[in-house]
Amino acid sequence: MYARHELGRIGEETATRYLEKQGYQIIQRNFSCKQGEIDIIAKDKSEYVFIEVKTRQNRHYGMPCEAVDERKQKHIWNATKYYLHIHKLENQYIRFDVIEVYKKKGEFYINHIKQIK
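Note that the working numbering has the sequence shown beginning at 1324, numbered continuously upward.
Calculated directly from the structure, the hints in this document are not laboratory data. Every residue, glycine too, gets a C-beta built ideally from N, C-alpha and C. Relax, there's no trap hidden among the hints.
Label pairs and their computed distance ranges (CB to CB):
#	residue 1	residue 2	range
1	1392	1353	14 to 22 Å
2	1411	1380	38 to 46 Å
3	1408	1428	42 to 50 Å
4	1341	1392	22 to 30 Å
5	1369	1341	18 to 26 Å
6	1368	1428	32 to 40 Å
7	1438	1353	20 to 28 Å
8	1414	1349	15 to 23 Å
Based on the provided sequences and hints, a complete structural model is requested.
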């Protein structure tokens, strides 16, 4: 059984590889500021995508996306506003996605939820 932190790191790696295969350009990973953290910042065509990755080995605690509650969304939004400001990207198209990564029988599976909230 993986330690939670290690499982999360592997989940983010898996999500990054998935996004690259889908044609996304990875801009930054693990952007952190006092407002919050963003797991992956990518570009999908002309749109900046701010992505939260949630990885689970089972569903005992619910669906991974359920962990992205209002409080977590607020932190992501505040970190996004700060990122856009410091990179002078205020007038760009953006969206928020969640990528659920499931580990089952040694394999990782992806569920990409686009345009949350």
